[in-house]
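J.: The residues making up each chain are set out below.
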Amino acid sequence: MAVDITLLFRASVKTVKTRNKALGVAVGGGADGSRDELFRRSPRPKSDFSSRAREVISHIGKLRDFLLEHRKDYINAYSHIMSEYGRMTDTERDQIDQDAQTFMRTCSEAIQQLRTQAHKEIHSQQVKEHRSAVLDFIEDYLKRVCKLYSEQRAIRVKRVVDKKRLSKLEPEPRTKTRESVSSEKVSRDPSQDSEEKSVTEEYPEKVPAESQPELGTWGDGKGEDELSPEEIQMFEQENQRLIGEMNSLFDEVRQIEGRVVEISRLQEIFTEKVLQQEAEIDSIHQLVVGATENIKEGNEDIREDRTKKTKGCRSYSTRHRADGLPTGARTSSGPWPRVLPQPLTTRAETLDPVYTRRPEARCSPHQGASQLQGAE
Amino acid sequence: MVGVKMATAAAASIRERQTVALKRMLNFNVPHVKNSTGEPVWKVLIYDRFGQDIISPLLSVKELRDMGITLHLLLHSDRDPIPDVPAVYFVMPTEENIDRMCQDLRNQLYESYYLNFISAISRSKLEDIANAALAASAVTQVAKVFDQYLNFITLEDDMFVLCNQNKELVSYRAINRPDITDTEMETVMDTIVDSLFCFFVTLGAVPIIRCSRGTAAEMVAVKLDKKLRENLRDARNSLFTGDTLGAGQFSFQRPLLVLVDRNIDLATPLHHTWTYQALVHDVLDFHLNRVNLEESSGVENSPAGARPKRKNKKSYDLTPVDKFWQKHKGSPFPEVAESVQQELESYRAQEDEVKRLKSIMGLEGEDEGAISMLSDNTAKLTSAVSSLPELLEKKRLIDLHTNVATAVLEHIKARKLDVYFEYEEKIMSKTTLDKSLLDIISDPDAGTPEDKMRLFLIYYISAQQAPSEADLEQYKKALTDAGCNLNPLQYIKQWKAFAKMASAPASYGNTTTKPMGLLSRVMNTGSQFVMEGVKNLVLKQQNLPVTRILDNLMEMKSNPETDDYRYFDPKMLRGNDSSVPRNKNPFQEAIVFVVGGGNYIEYQNLVDYIKGKQGKHILYGCSELFNATQFIKQVKCTLVVCFL
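Going down the list, the sequences are from chains L and P. In terms of UniProt numbering, the first sequence opens at residue 1 and continues consecutively. In terms of UniProt numbering, the second sequence opens at residue 1 and continues consecutively.
Some hints could be false.
[Stated by the list, open to error] Derived pair list, reagent style DSBU-like, types lysine-lysine, alpha-carbon separation capped at 35 Å:
id	chain 1	residue 1	chain 2	residue 2
1	P	Lys313	L	Lys128
2	P	Lys395	L	Lys143
3	L	Lys128	P	Lys125
4	P	Lys394	P	Lys323
5	P	Lys227	L	Lys147
6	P	Lys394	L	Lys143
7	P	Lys355	L	Lys273
8	P	Lys125	L	Lys143
9	P	Lys62	L	Lys143
10	P	Lys313	L	Lys62
11	L	Lys17	P	Lys227
12	L	Lys147	P	Lys355
13	P	Lys62	L	Lys120
14	L	Lys62	L	Lys147
15	L	Lys147	P	Lys34
16	P	Lys125	L	Lys158
17	L	Lys14	P	Lys62
18	P	Lys144	L	Lys17
19	L	Lys17	P	Lys125
20	P	Lys34	L	Lys128
21	L	Lys128	P	Lys23
22	P	Lys227	L	Lys143
23	L	Lys21	P	Lys125
24	P	Lys557	L	Lys143
25	L	Lys62	P	Lys394
26	L	Lys147	P	Lys125
27	P	Lys23	L	Lys14
28	P	Lys355	L	Lys128
29	L	Lys62	P	Lys62
30	L	Lys128	P	Lys227
31	L	Lys147	P	Lys23
32	L	Lys14	P	Lys323
33	L	Lys72	L	Lys164
34	P	Lys355	L	Lys158
Don't read these hints as lab results, they were simulated from the structure.
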């Protein structure tokens, strides 16, 4: 094992001192020596870097102490039933969370600053290495303290979630107990098997309705102290069956939960894909809407045209350029002031029975049609 | 029962003890306690080459970092002043080191100094430092001065070496060369004894020493006994009392130290070996648990005139964390090859599993099967993700061992080392030889000249009577034809003559090696370890001479070989060296130390021996570690006749 010879060393120092004095070697003299040491020490500048590093460390230490101090209160789950003294409200907890987070942020910023500064100053390779290692240590320290904090917080969040879950489940156990009570009531009369079944099957609905009258009968039935062995057995069987049913229900619910999770995942994937195709779908939608509108208008116009045609042939051809656009001038009552879109020409004959049904020559519509057709 | 448990724990792991001591030193000489929310402290570590050799097998750079060390530097390098940081020194108390430390003090390099000397520093040197500190007005800066008593290198849990840096000083040659003077011998012995003393201080136990007569080992034993005795008598400064002992004070039994000289068995260092660790040491460049490989860049025909491709140098650390290494370092090589294959396959299976999960998660619910598989895959996925770092580490180890084993295999195939091994085993166990020695020596394909020399030397050493002059001439001619230098033979001749005078040559037990059929698995799976033509030899347990000696002494068996071993007990008041052991009970712990050099073959043999015995522990140490090549080199230069 190692042997501490520091004292031996100090003794050697004394020996050397006295020896030097005796020999008259100047070592800075006896009493002056210590003063000289002090003088020689003070001009040595305490490194800026290290003092700041120490500052950061002390800050982190303060944070750590603060967290440890309040840790017990923080994670205390039963604060709502404990005395006022040790309680910590949720707002206080949130406050702690926030404070801790801002603190951690400032600390890590300080570390970053130190790092940039250390690199800027021109120093030897060894000093640089040393400084970056020191900063790594400080960061590591900060991480460890943050871990403390995040553990605390995780416990708290878990507690809240558990509480919520428990509070959701609360009605079930109550309904279960009620239901078993009611089943007991019913099973008292063995001839009412069907009623039993109906009770167990519809227990969620029946319970609220039954609870009141049941309580009444329960109160009445209190007189009976002994239950006959058959009844006990039946109760037991009933209980067993109920337990089995509950378990299977529970399992099924679990499975369904799992499947629902998967389905949701798949849906996510689908939505993703769908969103990608959103733009295209939109444009298609636009086109389709526009197309239907145009066709409607086209049809209307053609009908009007037909009715008007009986009144007299008008030369529409001139009004229609090959590309289906009206010539600049307007006629008197321009039933065709609008622009016929290009697609209409291609679909007109197929879509509208007006054109196709009366292929025999009509002067202008047919011509118009042929014009339009020719415009293809 | 707690006491007994402590007893076994005490000698169980010298590595652990040394590591604990180092960590304490790095923690400013205060016991190290892990505190997860402790403030960081930083320091700089300065060491010399001795310190480096001691620390490097025990602590990795990462572990040093965890202890808060930002920089680790050699003492005799250019070091810049780093203000405001404590410096921990771990050096040997030599003249140059002390001078350099004084210089550091004068230059005010660091804020405070924690000086730790690997072995005890003398008073005068301490005063030198005091002088320098005074001159530099730095006395208060020297915070602590410690003697660490860690002057030995631990390589394994149960194996240690004395030194690496100055091993020429304590090498086999240094001890056995004929022209050594008394003073030189004294120095060598002192060095060895100092290290052994440090070893026992760290172990925390005072051993009972037994050694053979008339050898260098005896000199070591006498000196060690004297040193231990002096230290025990010195009540004030004894290192073996009270709190300094730690767990060691609970051991009810004292360990046995067996000091043997290399000269009792020269065949084992020359022996060709078949176990993994020993092979790596023999065939590759392996020391201080680090193996250096030169990776050949494949068989490529470089165009004429082009520069040959630079070979990649890779070095690997074989550490106790490496589970594969720990399990297989003593296994025969074919077993190792097979195990690497197995590990590789299991790793690939795990990797495929992870990949499969990845691809399933990417499916877009195309079929029912995928959807139903999704349900129980979330758990699998989390476990796969968390096991990824483990997987990567496993891969790294598999790669490492594949490379190392491939390199070893190449050597085996090129030099036909399996043939040599088998033959030597037969020679050493005196079974009939199916091939004549001359054939093997004159065979141009089998092995380097050195291999042939080794084989012949083993034959010569284990032969009951020397071969006739004519035979010898024949062999010599064959050896020279094969390109061997005959100097080692001269040496062995002299040695044998001397050994004959002293005692009967050591026998190696009667066991055989059975060549089993070629490993079908390795052959057929087209693995990298194509061991075509390499025999799958299975080692049968045999006891090398050192193991036999230990067995006799530990179990208090009577045997002419060991009966006249000297007996030392430093704790006894009257320091007489009777040969009558006072202690009649078998020992539970033993330390075997070979003066003059040891090797992994002996180590492995001891480990195998003790495996069969419940509750017993052995530590193996030697003054230096050499493989056959190095041994022959040393022996080549020791020509002239007289021995110690």
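J.: Would you mind marking each hint as holding or not holding in the structure?
T.: Results for each hint:
| no. | hint | result |
| --- | --- | --- |
| 1 | P:Lys313 - L:Lys128 | holds, 29 Å |
| 2 | P:Lys395 - L:Lys143 | holds, 29 Å |
| 3 | L:Lys128 - P:Lys125 | holds, 34 Å |
| 4 | P:Lys394 - P:Lys323 | holds, 9 Å |
| 5 | P:Lys227 - L:Lys147 | violated, 53 Å |
| 6 | P:Lys394 - L:Lys143 | holds, 28 Å |
| 7 | P:Lys355 - L:Lys273 | holds, 24 Å |
| 8 | P:Lys125 - L:Lys143 | violated, 45 Å |
| 9 | P:Lys62 - L:Lys143 | holds, 18 Å |
| 10 | P:Lys313 - L:Lys62 | violated, 50 Å |
| 11 | L:Lys17 - P:Lys227 | holds, 32 Å |
| 12 | L:Lys147 - P:Lys355 | holds, 32 Å |
| 13 | P:Lys62 - L:Lys120 | holds, 27 Å |
| 14 | L:Lys62 - L:Lys147 | holds, 15 Å |
| 15 | L:Lys147 - P:Lys34 | holds, 17 Å |
| 16 | P:Lys125 - L:Lys158 | violated, 64 Å |
| 17 | L:Lys14 - P:Lys62 | violated, 41 Å |
| 18 | P:Lys144 - L:Lys17 | holds, 19 Å |
| 19 | L:Lys17 - P:Lys125 | holds, 15 Å |
| 20 | P:Lys34 - L:Lys128 | holds, 28 Å |
| 21 | L:Lys128 - P:Lys23 | holds, 25 Å |
| 22 | P:Lys227 - L:Lys143 | violated, 51 Å |
| 23 | L:Lys21 - P:Lys125 | holds, 20 Å |
| 24 | P:Lys557 - L:Lys143 | violated, 61 Å |
| 25 | L:Lys62 - P:Lys394 | violated, 41 Å |
| 26 | L:Lys147 - P:Lys125 | violated, 49 Å |
| 27 | P:Lys23 - L:Lys14 | holds, 31 Å |
| 28 | P:Lys355 - L:Lys128 | violated, 42 Å |
| 29 | L:Lys62 - P:Lys62 | holds, 28 Å |
| 30 | L:Lys128 - P:Lys227 | violated, 47 Å |
| 31 | L:Lys147 - P:Lys23 | holds, 26 Å |
| 32 | L:Lys14 - P:Lys323 | violated, 53 Å |
| 33 | L:Lys72 - L:Lys164 | holds, 22 Å |
| 34 | P:Lys355 - L:Lys158 | holds, 32 Å |
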